[in-house]
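Participant: Based on these hints, arrange chain B on the given structure of chain A.
Here is how the chains run, residue by residue.
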Amino acid sequence: AQKVTQAQTEISVVEKEDVTLDCVYETRDTTYYLFWYKQPPSGELVFLIRRNSFDEQNEISGRYSWNFQKSTSSFNFTITASQVVDSAVYFCALKRGSNYKLTFGKGTLLTVNP
Amino acid sequence: DVKVTQSSRYLVKRTGEKVFLECVQDMDHENMFWYRQDPGLGLRLIYFSYDVKMKEKGDIPEGYSVSREKKERFSLILESASTNQTSMYLCASSLMKGGRGNQPQHFGDGTRLSIL
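Those sequence lines, one after another, are chains A and B.
Letter by letter, the first sequence follows residues 419 to 532 of my numbering.
Letter by letter, the second sequence follows residues 525 to 640 of my numbering.
No wet-lab data here; the hints were simulated from the structure.
Treat the hints loosely; a few may be bogus.
What the hints assert, rightly or not - Below, computed lysine-lysine pairings styled on PhoX-like, alpha-carbon distance capped at 25 Å:
1) A:Lys519 with A:Lys434
2) A:Lys519 with B:Lys537
3) A:Lys519 with B:Lys594
4) B:Lys542 with B:Lys595
Stated by the list, open to error - To give an idea of the interface, some chain B residues facing chain A are shown, with a C-beta separation under 7 Å as derived from the structure:
5) Phe572
6) Pro585
7) Asn626
8) Phe631
9) Asp633
Where is the CB? At the ideal position from N, CA and C, for every residue including glycine.
So that you can see chain A by itself, here it is in the shape it has in the complex (with noise of 0.2 Å):
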């Protein structure tokens, strides 16, 4: 069975401060894809980044950067300077190889105090 874990359910920073995300998920697959979205106050699910299994690559896009680690099965997801409008809940996502599902984690509210 799959599973994603983001085990901090709320996270609390003053803007400027560097903040990340943690996505640990579970699969026995070797071909997989994860994700990450970020929901504002407004409700949109905003698609952020994909990254396959086959491809361990750090991404980084701007004040955002991603690290995944096949070893310890984690996807992490860091907010360099953050800043209000990051303020958001955060999703991450894990879909199967040959399959139409993503599974969720339950979200970190994030919250940017200015």
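Facilitator: Just chain B now, with coordinates in the frame of chain A:
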């Protein structure tokens, strides 16, 4: 950009009513999904469709049905609404023919449904 449009942001209905939630996507995606989101439970898949007139049950299909008569439109139907169906409903679509590949699901803005 992909656009997934849900017909209502907020909806209030009464117990026992038949409720229709509509979702339209403009990117010719094969797959469409309906989720509900509840505090502490995260996102749970209700139904999905991988082609016109095709549907598959998700994790919590009880009390719901779906309809996909056209590729761009996927409707969620609450046959007889109950208070425990008060929730946030999210529609999504994706370009993953046969379920393979890493194409992400793209979501609509959500419908906050209240059943009184």
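Participant: Each of the hints needs a verdict: does it hold here or not?
Facilitator: For each hint, the structure was consulted:
1. Distance hint between Lys519 (chain A) and Lys434 (chain A) is unfulfilled; the C-alpha atoms sit about 36 Å from each other, more than 25 Å.
2. Using a Cα cut-off of 25 Å, the hinted pair Lys519 (chain A) and Lys537 (chain B) is violated, with the two alpha carbons roughly 29 Å apart.
3. For the hint linking Lys519 (chain A) to Lys594 (chain B), the alpha-carbon distance of about 21 Å falls within 25 Å, and the restraint holds.
4. Distance check on the hinted pair: Lys542 (chain B) and Lys595 (chain B) sit about 23 Å apart at the alpha-carbon level, within 25 Å; holds.
5. Residue-level restraint check for Phe572 (chain B) holds (minimum Cβ-Cβ distance to chain A is 6 Å; threshold 7 Å).
6. Nearest Cβ of chain A to the Cβ of Pro585 (chain B): about 13 Å, over the 7 Å cut. The hint is violated.
7. Interface hint at Asn626 (chain B): satisfied, since its Cβ lies 4 Å from the closest Cβ of chain A, which is below the 7 Å cut-off.
8. With a cut of 7 Å, the hint placing Phe631 (chain B) at the interface with chain A holds, because the nearest CB-to-CB distance is about 4 Å.
9. Taken as an interface hint, Asp633 (chain B) checks out: its beta carbon lies about 5 Å from the nearest beta carbon of chain A, inside 7 Å.
Of the numbered hints listed earlier, those contradicted by the structure are 1, 2 and 6.
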